[in-house]
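Could you slot chain D onto chain A? The hints should help.
Here is what each chain is made of, one letter per residue.
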Amino acid sequence: AQKITQTQPGMFVQEKEAVTLDCTYDTSDPSYGLFWYKQPSSGEMIFLIYQGSYDQQNATEGRYSLNFQKARKSANLVISASQLGDSAMYFCAMSLTGTYKYIFGTGTRLKVLA
Amino acid sequence: GAVVSQHPSRVICKSGTSVKIECRSLDFQATTMFWYRQFPKQSLMLMATSNEGSKATYEQGVEKDKFLINHASLTLSTLTVTSAHPEDSSFYICSARGDWLQETQYFGPGTRLLVL
Numbered sequence: 009a010q011k012i013t014q015t016q017p018g019m020f021v022q023e024k025e026a027v028t029l030d031c032t033y034d035t036s037d038p039s040y041g042l043f044w045y046k047q048p049s050s051g052e053m054i055f056l057i058y059q060g061s062y063d064q065q066n067a068t069e070g071r072y073s074l075n076f077q078k079a080r081k082s083a084n085l086v087i088s089a090s091q092l093g094d095s096a097m098y099f100c101a102m103s104l105t106g107t108y109k110y111i112f113g114t115g116t117r118l119k120v121l122a
Numbered sequence: 587g588a589v590v591s592q593h594p595s596r597v598i599c600k601s602g603t604s605v606k607i608e609c610r611s612l613d614f615q616a617t618t619m620f621w622y623r624q625f626p627k628q629s630l631m632l633m634a635t636s637n638e639g640s641k642a643t644y645e646q647g648v649e650k651d652k653f654l655i656n657h658a659s660l661t662l663s664t665l666t667v668t669s670a671h672p673e674d675s676s677f678y679i680c681s682a683r684g685d686w687l688q689e690t691q692y693f694g695p696g697t698r699l700l701v702l
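These protein sequence lines map, in sequence, to chains A and D. The first sequence maps to residues 9 to 122 in this note's numbering. The second sequence maps to residues 587 to 702 in this note's numbering.
Hints may be right or wrong, so weigh each one.
[As the list claims (entries may be wrong)] Below, simulated SDA-like cross-link-like pairs (lysine to any residue); rule was C-alpha separation at most 25 Å, straight line:
id, chain 1, residue 1, chain 2, residue 2
1, D, K627, A, L121
2, D, K627, A, P38
3, D, K652, D, T618
4, A, K109, D, S640
5, A, K109, D, P626
6, A, K11, D, Q624
7, A, K109, D, A588
8, A, K109, D, K641
9, A, K109, D, S675
10, D, K600, D, S659
11, A, K109, D, K600
12, D, K641, D, Q615
13, A, K109, D, L632
14, A, K109, D, A658
15, D, K627, A, P17
16, D, K600, A, G51
17, A, K119, D, K627
18, A, K109, D, T643
19, A, K119, A, A96
20, D, K627, A, Y72
21, A, K109, D, S659
22, A, K109, D, P672
23, D, K641, A, Q91
24, D, K627, A, V86
25, A, K81, D, S640
26, A, K119, D, F677
27, D, K652, D, S675
28, A, K109, D, K627
29, A, K11, A, P38
30, A, K109, D, R623
31, D, K650, A, G106
32, D, K606, D, L632
Honestly, the hints are just simulated from the structure, not real lab data.
Next up, chain A with everything else stripped away, as it sits in the complex (with noise of 0.2 Å):
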């Protein structure tokens, strides 16, 4: 069956410093999409990043960037240079060949310290 893990409830990181978010998946099928999402405590999901499974390159946007390890199927998602801003609950999700849905991970809280 096909899973997304965040093993982070909270993290805490001091601003402009990096800090990477943990996710690990589990799928059979070849093709598929990761995605990074923020929930701020407004509750919008704001989509910040997308790798897809046939993706060489790890991809960028910005401050973020995902670590893509095929082989240990895990996609963290770093955020360079933390802002304030950055505080908010962040989602791990995997798109399911052929339907377009996603599942999502339980989450990671994030908190920049200033």
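Chain D only, in chain A's frame:
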């Protein structure tokens, strides 16, 4: 691009009434829309998938007669919570994807429903 709106953002209703939530893709045609439910401090739970012009596909355990979904156009899907009860109180959030967006879903801002 890829903006999704949701209305209302917050609703309080009495037990037994029905509540309609609208989800609109503002700048793209949404081939598929998804409805999720999120309880406090939990992850998102997919309720149903809707494609324009066809019946919604509900996830296991979701009552289709309780949560009516209509995807009448490529930019609008509605979720109606019928005969709402306090246990239906939750955060409901929709997402949409278009063919040009491939797999990526863009989410609305969510609706907080409180049933008294």
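Here's how the hints hold up against the structure:
1. K627/D with L121/A: holds (21 Å)
2. K627/D with P38/A: Cα-Cα ~32 Å, so violated.
3. K652/D with T618/D: Holds, at about 21 Å.
4. K109/A with S640/D: holds (17 Å)
5. K109/A with P626/D: holds (22 Å)
6. K11/A with Q624/D: holds (18 Å)
7. K109/A with A588/D: holds (18 Å)
8. K109/A with K641/D: holds (16 Å)
9. K109/A with S675/D: holds (24 Å)
10. K600/D with S659/D: violated (30 Å)
11. K109/A with K600/D: Roughly 33 Å between the alpha carbons, so the hint for K109/A and K600/D is violated.
12. K641/D with Q615/D: holds (18 Å)
13. K109/A with L632/D: holds (8 Å)
14. K109/A with A658/D: holds (20 Å)
15. K627/D with P17/A: The hint holds at about 10 Å.
16. K600/D with G51/A: Answer holds: K600/D to G51/A is near 23 Å, not above 25 Å.
17. K119/A with K627/D: holds (15 Å)
18. K109/A with T643/D: Cα-Cα ~11 Å, so holds.
19. K119/A with A96/A: Answer holds: K119/A to A96/A is near 7 Å, not above 25 Å.
20. K627/D with Y72/A: holds (24 Å)
21. K109/A with S659/D: holds (20 Å)
22. K109/A with P672/D: violated (28 Å)
23. K641/D with Q91/A: violated (43 Å)
24. K627/D with V86/A: holds (23 Å)
25. K81/A with S640/D: violated (35 Å)
26. K119/A with F677/D: Cα-Cα ~22 Å, so holds.
27. K652/D with S675/D: Roughly 13 Å between the alpha carbons, so the hint for K652/D and S675/D holds.
28. K109/A with K627/D: Roughly 22 Å between the alpha carbons, so the hint for K109/A and K627/D holds.
29. K11/A with P38/A: The given pair, whose Cα atoms are some 14 Å apart, holds under the 25 Å limit.
30. K109/A with R623/D: This hinted pair holds, its Cα atoms lying about 14 Å apart.
31. K650/D with G106/A: holds (23 Å)
32. K606/D with L632/D: holds (18 Å)
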